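Colleague: Okay, here's what each chain looks like letter by letter:
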Amino acid sequence: MTPLLQVDQLTKRYGEYTATDTVSFELEEHTSTALIGPNGAGKTTTLSMLAGLVSPTGGTIQFQGDAKQDIRSIIGFLPQYPKFFPWLSALEFTEMAARLSGVATKRATVEAKKTLEFVGLGDAMNKKTGTFSGGMKQRLGLAQAIVHKPKLLLLDEPVSALDPVGRRQVMDLLKELQQQTTILYSTHILNDAEEMTDQLLFLRQGKLVEHGSLDEVRSRYAEPRIVIEFERLEDLQRFTAIAAWQMIEKGLTVSIDVRTEGTEMLEVLSMLSAGAFTVRKVERQTASLEEIFMKVAVV
Amino acid sequence: MAGFGVLLRKEWREHIRNFKILWIPLVFIILGVLEPITNHFLPEIMKSVGNMPEGMDFPWPEFRGEDIFASLLGQYQFIGVLIIVLAFMGTISGERKNGTATLLYVRPMSFPAYFLSKWLVVNALVLGSACLGFMAAWYYIEILFNSVDAGSVFAFIATYSLWLIFVVTVVLALSAWLPTGGAAGVAIMITLVYQIIDALIGAYWMVSPWKLATYATYWFQVDTSMSNLWMSASVTGVVIILLMLFGIFMSKHKAAKTTV
Numbered sequence: 303m304t305p306l307l308q309v310d311q312l313t314k315r316y317g318e319y320t321a322t323d324t325v326s327f328e329l330e331e332h333t334s335t336a337l338i339g340p341n342g343a344g345k346t347t348t349l350s351m352l353a354g355l356v357s358p359t360g361g362t363i364q365f366q367g368d369a370k371q372d373i374r375s376i377i378g379f380l381p382q383y384p385k386f387f388p389w390l391s392a393l394e395f396t397e398m399a400a401r402l403s404g405v406a407t408k409r410a411t412v413e414a415k416k417t418l419e420f421v422g423l424g425d426a427m428n429k430k431t432g433t434f435s436g437g438m439k440q441r442l443g444l445a446q447a448i449v450h451k452p453k454l455l456l457l458d459e460p461v462s463a464l465d466p467v468g469r470r471q472v473m474d475l476l477k478e479l480q481q482q483t484t485i486l487y488s489t490h491i492l493n494d495a496e497e498m499t500d501q502l503l504f505l506r507q508g509k510l511v512e513h514g515s516l517d518e519v520r521s522r523y524a525e526p527r528i529v530i531e532f533e534r535l536e537d538l539q540r541f542t543a544i545a546a547w548q549m550i551e552k553g554l555t556v557s558i559d560v561r562t563e564g565t566e567m568l569e570v571l572s573m574l575s576a577g578a579f580t581v582r583k584v585e586r587q588t589a590s591l592e593e594i595f596m597k598v599a600v601v
Numbered sequence: 315m316a317g318f319g320v321l322l323r324k325e326w327r328e329h330i331r332n333f334k335i336l337w338i339p340l341v342f343i344i345l346g347v348l349e350p351i352t353n354h355f356l357p358e359i360m361k362s363v364g365n366m367p368e369g370m371d372f373p374w375p376e377f378r379g380e381d382i383f384a385s386l387l388g389q390y391q392f393i394g395v396l397i398i399v400l401a402f403m404g405t406i407s408g409e410r411k412n413g414t415a416t417l418l419y420v421r422p423m424s425f426p427a428y429f430l431s432k433w434l435v436v437n438a439l440v441l442g443s444a445c446l447g448f449m450a451a452w453y454y455i456e457i458l459f460n461s462v463d464a465g466s467v468f469a470f471i472a473t474y475s476l477w478l479i480f481v482v483t484v485v486l487a488l489s490a491w492l493p494t495g496g497a498a499g500v501a502i503m504i505t506l507v508y509q510i511i512d513a514l515i516g517a518y519w520m521v522s523p524w525k526l527a528t529y530a531t532y533w534f535q536v537d538t539s540m541s542n543l544w545m546s547a548s549v550t551g552v553v554i555i556l557l558m559l560f561g562i563f564m565s566k567h568k569a570a571k572t573t574v
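Residue numbers (this note's numbering), protein chains in the order written: chain U, 303 to 601; chain F, 315 to 574.
No wet-lab data here; the hints were simulated from the structure.
Treat the hints with care, since some could be wrong.
Some but not every residue of chain U turned toward chain F, in silico, with C-beta under 7 Å [stated by the list, open to error]:
1. Tyr-316
2. Thr-346
3. Ser-350
4. Ala-353
5. Val-356
6. Asp-372
7. Ser-375
8. Pro-381
9. Leu-402
10. Ser-403
11. Val-405
12. Arg-409
No more than 20 Å apart at the CA atoms, straight line, and that leaves these computed lysine to any residue pairs for SDA-like [stated by the list, open to error]:
13. F:Lys-568 to U:Ile-373
14. F:Lys-411 to U:Ser-357
15. U:Lys-385 to F:Val-507
16. U:Lys-453 to U:His-332
17. U:Lys-439 to U:Asp-474
18. F:Lys-568 to U:Gly-360
19. F:Lys-411 to F:Trp-491
20. U:Lys-429 to F:His-329
21. F:Lys-334 to U:Pro-388
22. U:Lys-385 to F:Asn-412
23. U:Lys-385 to U:His-332
This one's a predicted model, so the numbers in the text were calculated from it and none came from an experiment.
Glycine residues also receive a C-beta, built at the ideal position from the N, C-alpha and C atoms.
Build the full structure now, drawing on both the sequences and the hints.
Modeller: If you want it as structure tokens, here you go:
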């Protein structure tokens, strides 16, 4: 099966400044992909090019199926700070969005109502958007992006501006949408990426520096280690004197690098019990996404 | 023309809900009412508040109703045109600047439909307002001055409307091209400042959109050659079409300027 979207060597230059530099990736249908990178890495530019707002300087974007089709008819786009006409109500705006995307008049009204209920704006659908709070605007933004049932949903920082409660709710909505459509979203909140992602794309200064599934990326940067926290400093010193591994000491903890999936854990545990060390905690750790992010995305 | 109907409805709603549908007609109606009334009562006002020496007789010109229409045009040409520029300078550039255009541009709407929907609604509003103003003036002219030939009035309004369409098209095309401030500046240069230039050195040419206002008053005169009017009207029509094409092109070309 051909992927829904193939992006090849996508480049955007503004004069001397290169916003994205030969970025290539594919999106499979019904997957969700997180575009990760620090501010200014080219996330928004990439999404804008896919949405047809900005024309690329070089490279190609190819959607599955008819090449002549207006790609804007099969995408839904949510900007980071969606702006609405303050004099339209949420329902009027969503209706207009649906109709502009080719939904017939009567169905547009039905779909708009259904979608607003889905995002939790059922009670506010007849209020003017000028009176909406940040969280309501974000939901309305999501509603206008999905009302025409797009094949590809492009979301620019969908939850970054929300408080924890709003974030939780929008994440749950996105997880539900994941069943029905393909999602590409940018974020710098790594917990969110960890929660809902089939593929990770790391951007740094316009370049795609790392990509793969969450597990692939994790294992590439995993650096598994065993961390032991002792009760007393004497125990720690006694342990480091007899243990033969490469160790990093820090306060009452010792961190042992484990390069391979091996028997180190068992050896550590038997050593600890044999020597009657008093330990608070023994833990096997791998790099968190945040540590990977710092390594990959920050130079 | 995908989305034309929907966009037309959106524009219409916008002008209703931001009250442009109310205050722009009001401005033109006030101008239209004041012109005949002040001209009619000016001699008496001067007599009661002015310090004219006893026995001095100031020869007020005898205005005809037709002259009042012409002097009303002077108000329209300055205040009316300025209001058109200021009220509609941000029609496209403002939408881009505040980011509301983004959610339109990512949908499969056509840019000709986008530009034309705005063009139609703004023209309807401006022409409607100007007409209401002319009608108000006509009413007081009939009461306070003489009766004016209806055919001439309609021809006069039609000719002047072409100039107003020209002004609206200039403003919208510039708004599609430049940021709001720049669009306003250039629009004022083209519609207001150039009027003065055309009046000062315009004796050397006869065919120009800026002369339409003058030619419109020819309808009230007898035995005046209308050939310059027809030529100017045709040229204006062509320029309007070219400006619309330019505006459509710029709407699409500058779409990436929208705030994401």
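Colleague: It remains to establish, for every hint, whether it holds in the given structure.
Modeller: Each hint tested on the structure:
1. Hint on Tyr-316 (chain U) is violated. Least Cβ distance to chain F is approximately 10 Å, over the 7 Å limit.
2. Checking Thr-346 (chain U) against chain F by beta carbon gives a least distance of about 6 Å; that is within 7 Å, so the hint holds.
3. The criterion of a C-beta within 7 Å of any C-beta in chain F is met by Ser-350 (chain U), whose closest approach is roughly 5 Å, and the hint holds.
4. Of the supplied interface hints, the one on Ala-353 (chain U) holds, with its beta-carbon coming within about 5 Å of a beta-carbon of chain F, less than 7 Å.
5. Because the beta carbon of Val-356 (chain U) sits about 5 Å from the nearest beta carbon in chain F, less than 7 Å, this interface hint is met.
6. For Asp-372 (chain U), the suggested interface contact is upheld, since its CB lies about 4 Å from the closest CB of chain F, less than 7 Å.
7. Checking Ser-375 (chain U) against chain F: minimum C-beta separation of about 4 Å stays under 7 Å; hint holds.
8. Of the supplied interface hints, the one on Pro-381 (chain U) holds, with its beta-carbon coming within about 5 Å of a beta-carbon of chain F, less than 7 Å.
9. At its closest, the beta carbon of Leu-402 (chain U) sits 4 Å from a beta carbon of chain F; the interface hint therefore holds under the 7 Å criterion.
10. Evaluation of the Ser-403 (chain U) hint against chain F yields a held restraint, the C-beta minimum of about 5 Å falling below 7 Å.
11. For Val-405 (chain U), the interface hint is violated, since its Cβ never comes within 7 Å of a Cβ in chain F; the closest pair sits about 10 Å apart.
12. Annotation: Arg-409 (chain U) was flagged as interfacial toward chain F, and the flag is violated, the nearest CB pair being 14 Å apart, outside 7 Å.
13. For the hint linking Lys-568 (chain F) to Ile-373 (chain U), the alpha-carbon distance of about 19 Å falls within 20 Å, and the restraint holds.
14. Proposed proximity of Lys-411 (chain F) and Ser-357 (chain U) is supported: the alpha carbons are some 19 Å apart, at most 20 Å.
15. For the suggested pair Lys-385 (chain U) and Val-507 (chain F), the alpha carbons sit about 36 Å apart, so the restraint of at most 20 Å is broken.
16. Only pairs whose Cα atoms come within 20 Å are accepted, and Lys-453 (chain U) paired with His-332 (chain U) is accepted, the gap being roughly 9 Å.
17. Between Lys-439 (chain U) and Asp-474 (chain U) the alpha-carbon distance is near 17 Å, which keeps this suggested pair within the 20 Å criterion.
18. A distance of roughly 19 Å separates the Cα atoms of Lys-568 (chain F) and Gly-360 (chain U); the hinted pair therefore holds under the 20 Å criterion.
19. Distance check on the hinted pair: Lys-411 (chain F) and Trp-491 (chain F) sit about 12 Å apart at the alpha-carbon level, within 20 Å; holds.
20. A hinted pair counts as satisfied when its Cα atoms are at most 20 Å apart, and Lys-429 (chain U) with His-329 (chain F) qualifies at roughly 18 Å.
21. For the proposed pair Lys-334 (chain F) and Pro-388 (chain U), the alpha carbon gap of about 15 Å is at most 20 Å, so the pair holds.
22. A threshold of 20 Å between alpha carbons decides the hint, and for Lys-385 (chain U) with Asn-412 (chain F) the separation of about 7 Å falls inside it, so the pair holds.
23. A C-alpha spacing of about 28 Å is found between Lys-385 (chain U) and His-332 (chain U), which places the hinted pair above 20 Å, so the restraint is violated.
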